[in-house]
Each structure stands twice: as C-alpha cells, then as structure tokens.
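All chains, full assembly: derive it from the sequences and hints.
For the record, the sequence lines run as chains E and Z. Take the position in the first sequence, starting the count at 1, then add 328; the result is the number in this note's numbering. Take the position in the second sequence, starting the count at 1, then add 100; the result is the number in this note's numbering.
Treat the hints loosely; a few may be bogus.
Taking CB as the label site, the calculated pair distances span [to be verified]:
#1 E:Val679 to Z:Met101: 43 to 49 Å
#2 Z:Gln302 to E:Ser771: 43 to 49 Å
#3 Z:Asn169 to E:Ala531: 47 to 53 Å
#4 E:Gln769 to Z:Asp194: 44 to 50 Å
Honestly, the hints are just simulated from the structure, not real lab data. Note that beta-carbon positions come from the ideal geometry of N, C-alpha and C, so glycine has one too.
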Amino acid sequence: MPASDLLLELGAEEIPASFVEPALADLARVIVERAKEARLTHGEVRTFGTPRRLAVLVRDVAARSEDVTKEVTGPSVKAAFDAAGKPTRAAEKFAESVGLSVDRLLRVKTPKGEYLAAKLEEKGRPAPELLPAVLHAAVHGINFKKSMRWGDVELSFARPLHWIVALFGEEVIPVVFGDVRSGRTTYGHRFLAPQPIELRRPADYVEALRAAHVIVDPVERRKLVHERVRAGAEKAGGRLLEDEALLDQVTYLVELPNPVVGSFDERHLDLPPEVLIQEMKSHQRYFSVVDEHGKLLPRFVAVSNTPVKDERVSLRGYERVLRARLSDGRFFFDEDRKHSLETRVPKLERVVFQQKLGTYAEKIERFRLLADFIARRSGKADILPILERAATLAKADLVTGMVGEFPELQGVMGREYAKASGEKPEVALAIFEHYLPRNAQDSLPTQDPGALIGIADRLDTIVGIFGIGKGPSAAADPFGLRRATLAIIHIVLHRGYRFSLVAAIDRALELLEPKLADQKRKANEPPVRDQVLEFFRGRLKVMWAEEHRPDVVEAVLSAGFDDLVAAHLRLKALSAIVGQADFAPLAVAFKRVVNIVEKQGRDIGAGAPDPGRFQDDAEKALFEAYTQAKGKVDALVKADDYAGALREITALKPAVDRFFDRVMVMAEDRALRENRVRLLMQIGGLFGRIADFSKIQAEV
Amino acid sequence: MYFQDLIFTLQQHWAKQGCILQQPYDLEVGAGTMHPATFLRALGPEPWNVAYVQPSRRPADGRFGENPNRLFQHHQFQVILKPAPKNVQALYLDSIKAIGIDPLEHDLRFVEDDWESPTLGAWGLGWEVWCDGMEITQFTYFQQCGGFECRPVSAELTYGLERICMYLQNKENVYDIEYTKGIRYGEIFHANEVEMSKYALQCSDAPMLFQLFDLYEKECKRLIDVQLPLPAYDYALKCSHTFNLLDARGAISVTERANFIKRVRDNARLCAEGYLAMRERLGYPLLKTKWTVGEQPEVLEGRPASDYWKTVSFQKREEGEEGARAGK
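Have a look at this one:
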C-alpha cells in the first residue's frame, strides 16, 4: 500500500507571537516520537504557523506500521523440565502464554544460563488505527509558557482552540481536544477569507491557504515581511534599520504582511535615536528608517495584517498613535532634564532592588565600593574619581519618567541625562557602558570605569542572590545570574583585568554582610563563596568548551581560575600542545606522577625531598632537572608565558621516564619511599600550576 | 459619531445579543471590572451577560485637565459574557463594525496582553485589540477572580470610550470630543478634571485617608462575619479607592505599598468567598434560566461548570490552616 501525507492543523484565537515556534517544535517532536513508537515510517516533517494556526505536515507516512519479531524469554531450562525431562508447569504456562506448544519453544543462552524463549511476530497495523493516538499525544503535548481555560473546558491552551484539521491522505483522523473535534475544515484570513475551506488532502494545505490570503510557512512569511519592509524603507527615501528580533515578532503577528510607510514630525529627531527607535518598536512594532549614514529619518514602516482598501485611512491611525507616543516621550525627555541626574540619587532610597538585599541606594553604595576594590586590585587606581562619580549616578535614570516608561532605555537615558546635567563625558559613557553587554550579541564596554562598575554591579547581584539562597536552578534563573556571570567573564578577559576573583567575592560578601547576617543556612549548604565560585566554574566550562577540548578545560579549571586572565592564557597554551603527536606519552607520564602523589601524598607532609637520601642516579638527575626547570618556570609564569613554561616542563619528560624505569617509588623503607613521593610532589606542583594533568584524557 | 451615540450603539449591539444593560456602580471605582456586576458575577457557575458604562477614577492619572490623553476619570464600556461564547471574537468585531470601524478598511489586530489585578486577586489572558496601531479594547478571558478559579470562564470586553471616540471624530485632544451636537467633552468634564486632580495630587488629607482606610477595612470584615458580602464589597471598594488616593498623593512608602495591596486583596477575597457561599445558599438561581449569549461550546471533555462548584467549599478556612499550607 502506498504511503500518504499527514496534516495536523490547530486553529486558535490569536496566539502570542513568542509562543508559536516553541509550540511547533513540541508538536513535531511528539509526532515524530509517537510515530516511531508506533513503528510508522515517514518522510520529511515540516511545521507551519501563524498567529491563528499551528500545523505539522508529515510526508509519506506508511499506510501500515512495520512488522516486528520479538523474542520473549520464559523460565530457565533447569526450571522448565523435571528430572525425567518432562515439561514443568512453568514451561507449560509460558508456552500457553505465547500460544505455542512446549516442543516448539526455542532455547537461548544467557549469562545466567539457558532459558526457554519464543519468537513472536507482531504484525503491523493500518496507520489510521494508530494515528489517533499519535495526534492526540501531539495536541495534548504542547507546553505553552502560559495557557488558559475557556468556556467549560477543563483543558488549557494558549488561547481558545477553534478547529482541528487532521488528515491522513484523504481520510480524517479523529482527534478531540476539549470541545473541538477534528475534521477537514480550515479557515483563511480572518477578514479577507472568513468562509470555511474544505481541504481534500494534506498536500493542498499551503496553496489552499495562500489562496485564502494566509502565508502559512513562517520562513517564507519572514522573508516576505523583510522584503516588503525593506522596499517600504526605500520608498520612504532611506534604508531599513535591520532588527532581527522585531522581524521575528512581526512574522508571528500577521498572516499576510502589508507594509505601510508613514512619517513623524522632524522636530522629534532631537530626541536620542534610541528613544525614537524604542517608541516605534516596543509599543507599535514599527520598523525604523535611516539614511545612508545610519542617521534616523522621520519615517517608519508599519506592517498591517490586512491589505486595507485605502492605506491612507490606517496610516492616519498609525501616525496618530506614534504622535501621541512621541509627545509623551518628548514630555518625559523635557521633564526629566529639568532636574539634574544627581538630584535623582536620593529617590533611589525608595526603590527596592530585592526585598532582602534592600534598595538601589544601598546596592549602589555596595557596588561603588566593590568597583573601587577591583579597580585598585587591577592597577586602575587612576580612574577612581570618574569611576566613583559614575557609580553614584549609575542607576539614577531608573527614577526618570522615560525609563519608567521604557525600562529598555536604562543606561541610554542615564548617559543622555548625565550629559545634559553637565557631567564629564567619561562619566556619561560609563553610566551607559556599565550595562554592556546587554545580550549575547551586544558590544563590550570600551572604557575602564563602565567596565569595572559593570563587573561590580553584577558581582554584587550574583553574590547577594546566592547569599539569600535564591541561586538559579537548572530550569529557572529569574535574576539572570548566568548572563551576568558570563558578562563578567567576557569583560575581564576582554579588558585583561588581573584580580583575585575570590578576593572580589569576599569583598562583595563583606559589603553584603548587613543584609545576609540573618540569613538562615541549611546544614549541608556550602558557603556562599564556594557556591559562587562553582557557578563561575560552570560558566567557564560551558564557555570555553566551545573552542577547546572539554578535558583540557577541566584540567585548567582544576588548577584554579582565581585569576581569570591567567587561566585563559594557560588554557590557550595547553590547548596548543595537546594536539601534538608527542603530547599523549607526556600526559601519560605526568598523569602517573599525579596519581602517585594523590594516593601517597596525603599522609606525607609537604616539604622538599632530601637530596641526601637519593640512592639512584635517576633520582638525582630528576631532582637536578627539576631544580633548574623550576627557576625558569617561575619566571615564565610570572611573565604569563605559559607556552614557554609548558616547554620547560615537557623537557622534564626524559628524566621522569628514566626515574620511573629505574626507581621503585614504593620502597619498603618508609623514609626512602616518602622522599621519593616528595620528589614527585615537587614535579606535580610544577605543572599543577598550569593544569591538572590527571583530568586530561590521553592513552598511548 | 457623538460620544453619547457611541454609548447608545454599543448598548444596542449588546442588548440585541441578549445582555442586560446595567448602570454604572454608584461608588468610586478604578475600572469597570470592580463593578459587582463583573467582579462578583464572574464567580461561580451561574450565567451572566451584562453591558454597562463605568466612569473610572484613576487618581494617579490626574493631569489637571492639561494633558490631551490622560484623565483622572475616564469612561469604560464594559461587557461580561459568561460563559464566554464560542464566537465571542466575532460578536466583538460586529460591535466594532456597528460603531463604524470596517475590518477591511482598518488594520484590526488582537495583540497579546495578559491582565492581572493584584488588588482584586484576579488575572486573565487575552489581548489588547488594535485598530491601526491604537489600542481600542481590552479583551480578557478571566481565569481567576478574588483568588478563586473562574468556572466557567467569562469574557470581559473593556472599550476605552474616550480613546475610540477621539479616533472616530479625528480629535487630537480628549476635551475636543463632541459629546452631542453643540457640546464638547471639555465643557462637561474639564472643571472636574482640574478639581479632582488638585484634590488627589495636592489637597487630600492623608492622615484622614489612612484613618478611613482602617475604618472601611474593619467594616468590610465585620460585614463578612455577619454574612453580608454585598455591603462588605462596597467597603472593599472604598478601601481600594482610598488606597488609590493615598498612592497618588505619594503617601505610601515602597515597603508599605505591598502590604496595602495585600490588605485590599484580602478584602476582595473575603467578599468573593462570601458571595460564592451566598449564591450556593440560594441554590444558584440563574442556573435554572436558559440565559446565554452567542454560540455555546459543546462540552465533550470535562464536566459542566456547575458540577465543579458542588465540590468546592466556600466556608471560611480554619484558623492557622493557611499557615499550615504555607509550611508545606
């Protein structure tokens, strides 16, 4: 029997734009999983979605599921036959259960002995019998971020569901969700094609809806939105200010994109461009238009869901709304500038950052001192006046009208208002830059004050949140601590700040002490400092594993990451040599050293080996080689030349090999044994400063 | 279309669908949702279909009559359809056509908007309806009210009358709206805006308002104890408005604010509980009617809503039970 296509379409009231893609992924995943369980083979799986529909089209679903043969094991042969060789009750019962006579049962050998078994053939079943369960699971298997009930229905969905199309070839597959039964009826564009559409077969889906003014394929629709909006921007005499996030959003706000070009009063162009772009984007979802130099033009492109009879009518609405928004924006901008940024600072005493961690005023005081500490440690004491001023003003824009209206503009408004208040340009820049990077694609701070305040502000948050026992779980990170930690790492590495992470965390804890003093701790909970360090370690691991071997990253992290810049340099140096052919034997030799030190070293106090106790040449030679290498390695490490240090260390390999060939570490004589272990501890200590070689996977 | 014609047209449209037309509630409220015809009637299994205008006071939005868009008091046209009919979006769009907005001439869109009222212990999901980029209606499916699950679910439509009318009449300033031939909105309401803003933002007597809040709250609780949830709800509304006045005056600190909101919400929850118990005692009389608006869904899964409420107890929780729950 030939295969047929399968279509599932769920028609709902307008689904929030950000819900569509995850829902489509859920639908496709469940269908593929369940089809596999049902042994239904199929071809390509495609998903389609608009604000009003979620659909999956599966090509060439087999008409029947595949036949399979399963082997079932029964009782052991020992238990199956009595002394006389006659089948026991157990054997007969098993035979009965598989529908065969005892003499037709197989015998299979297992590690536990010989067992009776039977081969059962399970015939495939027609797809229409299996598909209802597959589709039922899919329809009920969508996890929306937020969902709702409607009418009397006990189930919930993103918005009320209205129709289900479930077609296998030309046949309707019965599926029920709440008060909706499946059929072959779909609907086109809400206003342009409200009549029901009977679908004959799945393959007709995309074109039938196109004819009903709906572009169901999000990829095609996104392209169309982009092309049309770009053309609109050109028609307006400029070019489109590209905005991927807005494009994604608009794609799921319309079923058929119709761009409309509008304009606003030029006099608003003296508002900061970020304000204008944000006004257009976040409230209205309009695209901005710029000239060839990237300067904003007083134009926009809105995207309508309906190709209206007369564009000028709806344009009047778009422009009118924007006019009201921009005069609000202008009002805020003018009002906000009537007061200097400095006079806003006391208002932060009334803005709560986090209930237990106190107000923003308190937070600012903490991160100002912390930034100060990190700056001094990083040798940046010369910027302290700028840094302290910028830190004091860093959050003052939170209590301005504009940021109250557009939280996304925090930092931007701080910069603008700082300039307007006559602050130094470096201070204004630092206020803006302390928020950078705002997301994974964003740029990093270009100057020290903003960079250091950004580090301190984030570290205060991370330590504080861990301190009140609200550190992130695998699923939830409500305070964005992962992002904050990554941002700190990026800034530190990019700007090459050398300070002790532990010291900075301890300083943050000290500053947070009044807030954390009453915090109850669970008995088995590690200290906050360790939790934070572990969290940094986790981020570093993920981040560095993108470019380096995970075992090498682990080896470097195990040797410490208190100085993030040094850890990164060590990683690069080690990564460069692990790929080389002669590295594996080296690693094996060093791992052997580490293993012995780990096993034996615990009971032996630290201290240098006593050269007087060396018996073998190999011992003496290794010690001499070590002593020479140590001086050089110390100097190289101090100069951050980890590649050079590794070269010196690898040069020890022949001496190490000779030592292991000639010397028996585990000597009977205790003093002798300890002395040898001590020698190895010195060697281990030498390369242990670069990496923990025991973590590196290497075999010869 | 004059302002009052807009109201007539909407009233006629919804009356024709089978809604009763009620009058504004005669106490100060911040939104049509607080009218007992919404807040209380959305609770429990009984059907309820109503439309009314509600003057809504937002002390913090007072602008002394100087802002063309913001008002101390604006007017909402409120519709509650319970249970929400299957074709509620279509019924709504018909009402929009009735006031002269043709979906083929305008860009009409349902844009995601979740509604939550911390003071009412209520939330719902839905949209703001956009006409050419402008929000003209708040469209919400109530999920919870006074802390109780809504079964069945009501649809709430809240039309912002001033905003729609400004658009229909192409006015840039709310005070220029023609209320009826020869009379502008400003001529009726401007003095009210000036005085009410002055009162709320500058002249209110905060110590007295704090006192009133305490008295209203006490009275609300007392009335709950004697099983009079309807008058109790009046005092809950008075508390809510008094809180809004204090908030607009800047008399409530950040730390106190959350506590005041909780006190207002607790009143609302007690009234919801008392109302549900009262309707239960009365035997849910409206269930015996055949009053529905629009297309009703077939029930294929789940039980009818009236069954759900049979299993719910509205009696006051035992002392300490909440604490015990929190302890879990």
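Can you give the numbers of the hints that this structure goes against, from lowest to highest? none
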